[in-house]
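Colleague: Take a look at the letters that make up each chain.
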Amino acid sequence: MITIKKLSKIFRTEELETKALSEISLNINQGDFVSIMGPSGSGKSTLLNIVGLLDSASDGSYQLLNQEMVGLKEKDKSKARKENIGFIFQNFNLIDELSVYDNIELPLIYNNVPLAERKKKIEAIATKLAIAHRLKHHPQQLSGGQQQRVAVARALINDPKIILADEPTGNLDSKNGNEVMELLTDLHANGATILMVTHSDYDASFSQKTILMKDGMILSEKMNNRNVDVLVANSKN
Amino acid sequence: MLKNWINIFIYHLKNNKLFTALNVLGLSIGIAGLIFAILYWNDEHSYDAWNPQKDKIFLLTNEMSENTFWASSSAPVGAAIKEKTSEIEAYCYMDGDYINDIIKFRDKKIQSDKIVSAQKNFFEFFPFDFVEGNRKKALPDENSICLSEELAFQIFGNESALGKELTIQNKKVLVRGVYKLDKKSSYNPSCVVNFVDLFLKKTITQWGNFHYVLMIKAKQANATSAITRNLEKLYYTNLTERFAKLNGMTPAAYAEKYGVPQPHLESLESIRLHTKTGGLVEGKGNYQFLLIMVGLSILILILSIVNYVNSATANSIKRAKEVGVRKIIGASKANIVQQFVLETILITLFSILLSLVIVELSLPYYNDFLEKTLTLQGSQFYLQLVIIFIVTVAVAGIFPAIYVSNFEVLNVLKGNFGRSKSGVWLRNGMLIFQFAIAAFFIIGSYIVYSQIDHMNKKDLGFKANQILNISYRNVYGEEITDDFRFNRYQIIKNELLRIKGVKKVAGGAFVFGKSVSTSSYKYKDIEVDGSNISIDFGMLEMLKIKLAKGRFLSPKFAQDTINTMLINEAALKQLNEKDPIGKKIDWNGMEVTIVGVVKDFNLGNPGDPIPPMSFFHFKTVPWLAGALNNIYVDVDAQQMEQALTAIQKFWAKNVDPDYPFTYDFVEKEYKRSYSNYVKQKNLFSLLNVIVILIALFGLFSLASFSIERKMKEIAIRKTLGAETNVLLKELSKQYVVYCVIGFLIALFPTYYLLSKWLENFAYRLELTIYPFLIGFIVLLLLTLVVVLSRAYQATKVDVLQYLKYE
Numbered sequence: 000m001i002t003i004k005k006l007s008k009i010f011r012t013e014e015l016e017t018k019a020l021s022e023i024s025l026n027i028n029q030g031d032f033v034s035i036m037g038p039s040g041s042g043k044s045t046l047l048n049i050v051g052l053l054d055s056a057s058d059g060s061y062q063l064l065n066q067e068m069v070g071l072k073e074k075d076k077s078k079a080r081k082e083n084i085g086f087i088f089q090n091f092n093l094i095d096e097l098s099v100y101d102n103i104e105l106p107l108i109y110n111n112v113p114l115a116e117r118k119k120k121i122e123a124i125a126t127k128l129a130i131a132h133r134l135k136h137h138p139q140q141l142s143g144g145q146q147q148r149v150a151v152a153r154a155l156i157n158d159p160k161i162i163l164a165d166e167p168t169g170n171l172d173s174k175n176g177n178e179v180m181e182l183l184t185d186l187h188a189n190g191a192t193i194l195m196v197t198h199s200d201y202d203a204s205f206s207q208k209t210i211l212m213k214d215g216m217i218l219s220e221k222m223n224n225r226n227v228d229v230l231v232a233n234s235k236n
Numbered sequence: 000m001l002k003n004w005i006n007i008f009i010y011h012l013k014n015n016k017l018f019t020a021l022n023v024l025g026l027s028i029g030i031a032g033l034i035f036a037i038l039y040w041n042d043e044h045s046y047d048a049w050n051p052q053k054d055k056i057f058l059l060t061n062e063m064s065e066n067t068f069w070a071s072s073s074a075p076v077g078a079a080i081k082e083k084t085s086e087i088e089a090y091c092y093m094d095g096d097y098i099n100d101i102i103k104f105r106d107k108k109i110q111s112d113k114i115v116s117a118q119k120n121f122f123e124f125f126p127f128d129f130v131e132g133n134r135k136k137a138l139p140d141e142n143s144i145c146l147s148e149e150l151a152f153q154i155f156g157n158e159s160a161l162g163k164e165l166t167i168q169n170k171k172v173l174v175r176g177v178y179k180l181d182k183k184s185s186y187n188p189s190c191v192v193n194f195v196d197l198f199l200k201k202t203i204t205q206w207g208n209f210h211y212v213l214m215i216k217a218k219q220a221n222a223t224s225a226i227t228r229n230l231e232k233l234y235y236t237n238l239t240e241r242f243a244k245l246n247g248m249t250p251a252a253y254a255e256k257y258g259v260p261q262p263h264l265e266s267l268e269s270i271r272l273h274t275k276t277g278g279l280v281e282g283k284g285n286y287q288f289l290l291i292m293v294g295l296s297i298l299i300l301i302l303s304i305v306n307y308v309n310s311a312t313a314n315s316i317k318r319a320k321e322v323g324v325r326k327i328i329g330a331s332k333a334n335i336v337q338q339f340v341l342e343t344i345l346i347t348l349f350s351i352l353l354s355l356v357i358v359e360l361s362l363p364y365y366n367d368f369l370e371k372t373l374t375l376q377g378s379q380f381y382l383q384l385v386i387i388f389i390v391t392v393a394v395a396g397i398f399p400a401i402y403v404s405n406f407e408v409l410n411v412l413k414g415n416f417g418r419s420k421s422g423v424w425l426r427n428g429m430l431i432f433q434f435a436i437a438a439f440f441i442i443g444s445y446i447v448y449s450q451i452d453h454m455n456k457k458d459l460g461f462k463a464n465q466i467l468n469i470s471y472r473n474v475y476g477e478e479i480t481d482d483f484r485f486n487r488y489q490i491i492k493n494e495l496l497r498i499k500g501v502k503k504v505a506g507g508a509f510v511f512g513k514s515v516s517t518s519s520y521k522y523k524d525i526e527v528d529g530s531n532i533s534i535d536f537g538m539l540e541m542l543k544i545k546l547a548k549g550r551f552l553s554p555k556f557a558q559d560t561i562n563t564m565l566i567n568e569a570a571l572k573q574l575n576e577k578d579p580i581g582k583k584i585d586w587n588g589m590e591v592t593i594v595g596v597v598k599d600f601n602l603g604n605p606g607d608p609i610p611p612m613s614f615f616h617f618k619t620v621p622w623l624a625g626a627l628n629n630i631y632v633d634v635d636a637q638q639m640e641q642a643l644t645a646i647q648k649f650w651a652k653n654v655d656p657d658y659p660f661t662y663d664f665v666e667k668e669y670k671r672s673y674s675n676y677v678k679q680k681n682l683f684s685l686l687n688v689i690v691i692l693i694a695l696f697g698l699f700s701l702a703s704f705s706i707e708r709k710m711k712e713i714a715i716r717k718t719l720g721a722e723t724n725v726l727l728k729e730l731s732k733q734y735v736v737y738c739v740i741g742f743l744i745a746l747f748p749t750y751y752l753l754s755k756w757l758e759n760f761a762y763r764l765e766l767t768i769y770p771f772l773i774g775f776i777v778l779l780l781l782t783l784v785v786v787l788s789r790a791y792q793a794t795k796v797d798v799l800q801y802l803k804y805e
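Here the protein sequences come in this chain order: A and B.
The first sequence maps to residues 0 to 236 in numbering that gives the first Met the number 0.
The second sequence maps to residues 0 to 805 in numbering that gives the first Met the number 0.
Hints in this document: simulated from the structure, not taken from any laboratory.
No false leads were mixed into what you were given.
Lysine to aspartate or glutamate pairs mimicking DMTMM-like chemistry, simulated, CA-CA at most 25 Å apart:
| hint | chain 1 | residue 1 | chain 2 | residue 2 |
| --- | --- | --- | --- | --- |
| 1 | B | Lys16 | A | Asp95 |
| 2 | B | Lys332 | A | Asp95 |
| 3 | B | Lys709 | A | Asp95 |
| 4 | B | Lys332 | A | Glu73 |
| 5 | B | Lys113 | B | Asp96 |
These numbers come from a predicted model, not from an experiment.
Generate the whole structure from the sequences, applying the supplied hints.
Modeller: This is the structure we're talking about:
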């Protein structure tokens, strides 16, 4: 699904040249749940932003669904983004001035989904994420966990091919954080592809594969056992 | 999508009530100002615009001397030029003034002050629609009259007017047509008679007697140069050559010494606003004032649009996150632009609606101010309204929208956008622009105010607090002699003097604030164009006009009714004669002795230079006495009321039973004559207040915004021990700089435009540095008040709140 080859990102200021990413190669297949870990400044957020088409690479190749993304025009990027990618942020990034319903509706609007279908879809996903009773409220009236569930609902409403999560539990207490991680695990179990940046080992343990980054390079990749546990747990059910 | 946009728009509306209200108010005031200007513009441009041949009909004007244009022409020129020039289709003579007279129908008497006497093809030049009769056969002879619908209704009610016999000026006339007077025109007569041919015949050989308005209809609109060329030839043969011969000079020498009239053509469509003459019967439009109105209102609209743009871009920082999220989720730039333009469209719609309300409510005052009857209607007006709407949206909406749509998603989401410098130069640039406009208005209105004050305080050279000017309708007609006229006046005067409270009575053929006829006279080799003022004994003394040399006219001297005159100081200056008393001059072929020189006083506009004047007793120049239409009466202030009642009674009974008794106080009447400048002053003051309010609001919102962004900095400085006054200085420093830059930018245009305006006045202020100095101080003080109040508030804020968050 995602093929990254020798991808580099260089920030230039007048005196300084910083390599945020240097020649990274990475493969993410359909149905993978990958987490990226690393200290501040290791380049993990930059990588996520490039994958999410919010930022552009300086060199190398990034293929999303076998289509080259490096060097694409803003307009095409915007199109690829709205069709394929769903975002979940640490600080939720909900529009405070819009109701929950309106927030979730936005991606559908920009994808020109007809009104009746929009309504059906929003109600379905709200029920699924247990926020149906909150649709008319504004984000500020919700708890952190609920806000993140709204953000997840918004990320999923368009059936994206891949979900990008940037420290999704960073602003949440452990109970709410756990809820969100379990939500992601459920999504993965149902076939979603997820790429997550996190600081927390615990959160990373929910994923299949953890990539450790430092100074713009990938240090190690390891498979997580817990995943097996989940599968076992699933099979037990 | 629309619903989503409107939801968020309403949310912001609710949460920024004050700013939204101020924005809408600012825009609507700006738009209202422009609507006012447009209504005025449309009205002035509607004169003769309906006339299908407006570009082919020309007024013959005569340039008598440099910058002096007369709208009147001599009697022989019309036929002569038509014969000589194949490009001319027709010509038509008409009176230069409306006649005020009484029309009789059986026992009914109707007074009308808009009667026009014209040649029979008048309605081919002004093709009003006829409701009765036929336009082509409307005025076949001098026994015909055509009535406007209104006048016809006044006389005949709902009966048909056609074929009825009326009496006017002791002549019987038949109604041949009734026309509709629903369009604005250079001539809007209540009725038209064909008496002018008679007078034309009498003066058909007098090329130098410019008495009638002559309209020429050309076959082509571009025939002017051919016609003018032929006119020049005619003038040369019949005026220059002839008068040169009479004076025993060569034509060239005569023209050099005395000047000869130059013919010009003004097209009908240009007369109302662009004529160089004093205008036709309906007066001319004040083009300069119109331009000032339009210019200032556009300036105010720009100011309020700048305000809107400024506060929209400043506020958009608050919406950066929304824009970022929308973009991540899939909104394209175009989507964002559309959304923000929609918001401007909604705001502009509100503003236009509100401005229409403002205009509708204040239209009566505006009409009063312009002395017009403007209304909010017409397809042209609505079209212009749509254009205003589109332009406002384009200017006010597209810029902030594009600015917002260019937000970098990553910057926004990282949260370090609030302190970015993007757009700062632009907002500051616009702030400087606002300062410049505000400086222009403050300085400008100060200068305008001073000039009007200067004029009001001017020693006018006469005193007329309690002097009445009674309109006196002189008697005319074939059989009426000058002696008869004078005796009639004398009887009235004596009767008036008997009324209790009346101190002095004197007739005069002049009115303060209005022009009089001029005649040129010669002394040695100098020619002076003097304003003719014919008076009764005691007139000048009554007005407390002072004497510079010699004596006033007096009944004690027999020659004062035969061949003496007074001049004023302006005339004396031109004559260049140290001892003018007793000198003889050649006045219109008559030898007249100067017996006195009066000090200059204002008869016309106090801003204009005082012209040379010649004063005669009525009997000295009998034909001037024909213009004796005013009797001035000095009344004791204590007995004013009774005296007025008594005069009125006497008047209605013995002088003029037909006409209503009309009078005015000389001083009031005079002040009215230059009221348009007083109005300009008031208008400028009003606009000044509006502009300053809008500019201060812009400054307020921008300062609030920029201080809000600096709160963290302020908090840090405070924790580090900065004192309040240091902080205040820090915060207000930049605005003082912008204020100075704005002022400097405004300096030259203000100086230039106001000098231009002051050129209207011969008696004017010298532009000194003071208005600029005062303007600068006022601007600076206002800036400091706004900024410091805002900054002071900021320094009092709880430090912790800003250090904890962010």
